[in-house]
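Turn these sequences into a full structure, and let the hints steer you where they fit.
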Amino acid sequence: MSKTTYKIPIGPIHPSLAEPMTFNFEITGERIERVDLVPGDNHRGIEFMGRNRNIIQIIYLAERICGICSASHPYAFCRAVENAAGIEVPPRAEYIRVIIAELERIQSHILWAGIAAEELGFNSVLYLSWKVREEVLDLLELLTGNRINYGMFMIGGVRRDITEEHLPRIRKTLDYYKETYQTLENVFLKDPSIAIRTKNVGILTYEQALHLASVGPTARASGIKKDIRQDQPYSAYADMDIKAITPDFFTGEVKGDVFDRIIVRILEVAQSVEIIEYCLDNLPEGDIVSEPKLAKLLAVLKKAKGEGVGRHEAPRGEAIHYIKLNESENPEVWRARAPTYNNLMSWIPMLQGQEIADIPIVTASIDPCIGCMDRVTLVESKTNQQQVLTREDLIKLSIAKTRRMMK
Amino acid sequence: MEFLNPKNLLSFLKENLKDNILDSHIATGKAGIKEEEFYNIWLEVKKEKFRDTVKLLMSLHYPHIAIIVGNDTGESIDLTYLFTLFYGEKFKEISLNLKVSLEREKPSIDSITDLLPGAQTTEREIKEMFGVEFIGLPEMRNIFLPEDFPKDVFPLRKEQKGLDELVQQES
Chain X
46 MSKTTYKIPI GPIHPSLAEP MTFNFEITGE RIERVDLVPG DNHRGIEFMG
96 RNRNIIQIIY LAERICGICS ASHPYAFCRA VENAAGIEVP PRAEYIRVII
146 AELERIQSHI LWAGIAAEEL GFNSVLYLSW KVREEVLDLL ELLTGNRINY
196 GMFMIGGVRR DITEEHLPRI RKTLDYYKET YQTLENVFLK DPSIAIRTKN
246 VGILTYEQAL HLASVGPTAR ASGIKKDIRQ DQPYSAYADM DIKAITPDFF
296 TGEVKGDVFD RIIVRILEVA QSVEIIEYCL DNLPEGDIVS EPKLAKLLAV
346 LKKAKGEGVG RHEAPRGEAI HYIKLNESEN PEVWRARAPT YNNLMSWIPM
396 LQGQEIADIP IVTASIDPCI GCMDRVTLVE SKTNQQQVLT REDLIKLSIA
446 KTRRMMK
Chain F
541 MEFLNPKNLL SFLKENLKDN ILDSHIATGK AGIKEEEFYN IWLEVKKEKF
591 RDTVKLLMSL HYPHIAIIVG NDTGESIDLT YLFTLFYGEK FKEISLNLKV
641 SLEREKPSID SITDLLPGAQ TTEREIKEMF GVEFIGLPEM RNIFLPEDFP
691 KDVFPLRKEQ KGLDELVQQE S
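Heads up: the protein sequence lines correspond to chains X and F, in order.
In terms of this note's numbering, the first sequence is numbered consecutively and its last residue is 452.
In terms of this note's numbering, the second sequence is numbered consecutively and its last residue is 711.
Hint data in this document are derived by calculation from the structure and do not stem from the laboratory.
Wrong hints could be hidden among the right ones.
What the hints assert, rightly or not - Under the rule of at most 25 Å between Cα atoms (straight-line distance), these lysine to aspartate or glutamate pairs were calculated in the DMTMM-like manner:
(1) Lys570/F with Asp326/X
(2) Lys632/F with Glu372/X
(3) Lys369/X with Glu629/F
(4) Lys574/F with Glu377/X
(5) Lys587/F with Asp206/X
(6) Lys347/X with Glu699/F
(7) Lys348/X with Glu629/F
(8) Lys698/F with Glu377/X
(9) Lys270/X with Glu629/F
(10) Lys574/F with Asp286/X
(11) Lys270/X with Asp563/F
(12) Lys574/F with Asp206/X
(13) Lys348/X with Asp563/F
(14) Lys574/F with Asp326/X
(15) Lys646/F with Glu377/X
(16) Lys701/F with Glu372/X
Stated by the list, open to error - Some chain X residues well away from chain F (every beta-carbon gap over 10 Å; in silico):
(17) Leu219
(18) Leu229
(19) His256
(20) Asp286
(21) Leu325
(22) Glu400
We put the beta carbon where it would ideally sit given N, CA and C, even for glycine.
Here you go:
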């Protein structure tokens, strides 16, 4: 028996981004026997920081919980505050929110697909998918002023309108993704070399996903039809008929392996394009925010009392925020939870029984924002020898396995 | 599984828990142009009956636990468990926010990780951040705080003013 330790980064309030994370593995030969997760190396105490800020300042703090799903947290936070203080959002703002959220889903899923390809050793696919992703980032920059951290959300609406001039540019992007979609499908879902590395790898069964309270594509790939946009729709989602995407749409069966997680995400790119098209076709006229004067809005919030929960289906799963207002400048309680927090435990059944070379793709498969995976320490317990594997070594192992299997 | 509407769900719980329910109300939200309704049930139960309440929910549908919210009011530690039930179809899902109040001096509550294993991460976090003892929690190590963090300091309690003060105290 030997042991492994490696550090992986996941996000802010633990969940998704740029947070170091330690995995302790017990392995026999190449097989993983046991996994132990030690997160928390980058806990920033964002909820604590929120105690000294007013509600509007917290929107920007929430936005910085995650750099990739930077629309998801402000979305969920604004909904929580609106819920607690009884603020209504104009319909046009609801549609613009959904457009931004879905554009974000497109860029996040394509970013993930690129990373997954890199973990398997297909660097050209990484560069090509990120090139495809640029189109939507350019559009987001045009609409919001930023490629990430869009600063679009405000309590009671959004901060920028989508004007007539923007519409042709948005449609051009949607057309681009409709054209490119077939290529994405061919590369990720029909290519045999991706299939051999991901089929029957990192399996999470329906029961495991249910019991471990998995969320987002991780849960859906195991066959759980759970998607807030379907179950408890909000904003413009309520006007549409959205179905939670499970892998059986594509293959006719649910296995819960890494390949199924790729299917869900690729199909969701197409779903997002449809949702945005619906929003553009049905974009209502009217105001974009219920109270444009921030001082007035703050005065209302200072007098508000009550608690509220806001949820949003982020690219990685459900983002949920809880807020308790108590007639004061600062909230009494603010609690934020990002999807990787719930998916953390799903790693354990996924990784048990896998080979070391599969670690990168299995851990990446829940989309935890693996920016700065640090290193892995392997301990040979018979001799007590320590061997440190860097991220590069691990990826080399993974690439070597792909090459071996392709022969 | 039978989908219940929020009124029926609440009356089912009231029938079974009777006066163990301290407070309950249904908050209705509106979504979309058609202003269709969605529901949050806010429920507060006695600490002794908390596990039974979760078991009751499990008899209806396997509940999804999102997170536990901790609140140090100065007099008590209030925990709010955010559950969702009946997911899978449009507008059928109900959010159930289950609150339970613990005494501040020595807060403790039964763990529900044997019923819902997915609650482990959030129970461990509340344990280290608020000093709540979860009876029966299988994994007692810190999850987000370092292992050498002082055992009697709970960072999200109201008396904590942040890292600077903590460092000064230690040195």
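Here is how each hint holds up against the structure:
no. : hint                   : result
1   : Lys570/F with Asp326/X : holds (22 Å)
2   : Lys632/F with Glu372/X : violated (33 Å)
3   : Lys369/X with Glu629/F : violated (29 Å)
4   : Lys574/F with Glu377/X : violated (33 Å)
5   : Lys587/F with Asp206/X : violated (48 Å)
6   : Lys347/X with Glu699/F : holds (23 Å)
7   : Lys348/X with Glu629/F : violated (37 Å)
8   : Lys698/F with Glu377/X : holds (10 Å)
9   : Lys270/X with Glu629/F : holds (8 Å)
10  : Lys574/F with Asp286/X : holds (13 Å)
11  : Lys270/X with Asp563/F : violated (32 Å)
12  : Lys574/F with Asp206/X : holds (22 Å)
13  : Lys348/X with Asp563/F : holds (23 Å)
14  : Lys574/F with Asp326/X : holds (16 Å)
15  : Lys646/F with Glu377/X : holds (22 Å)
16  : Lys701/F with Glu372/X : holds (21 Å)
17  : Leu219                 : holds (22 Å)
18  : Leu229                 : holds (28 Å)
19  : His256                 : violated (5 Å)
20  : Asp286                 : violated (7 Å)
21  : Leu325                 : holds (15 Å)
22  : Glu400                 : holds (25 Å)
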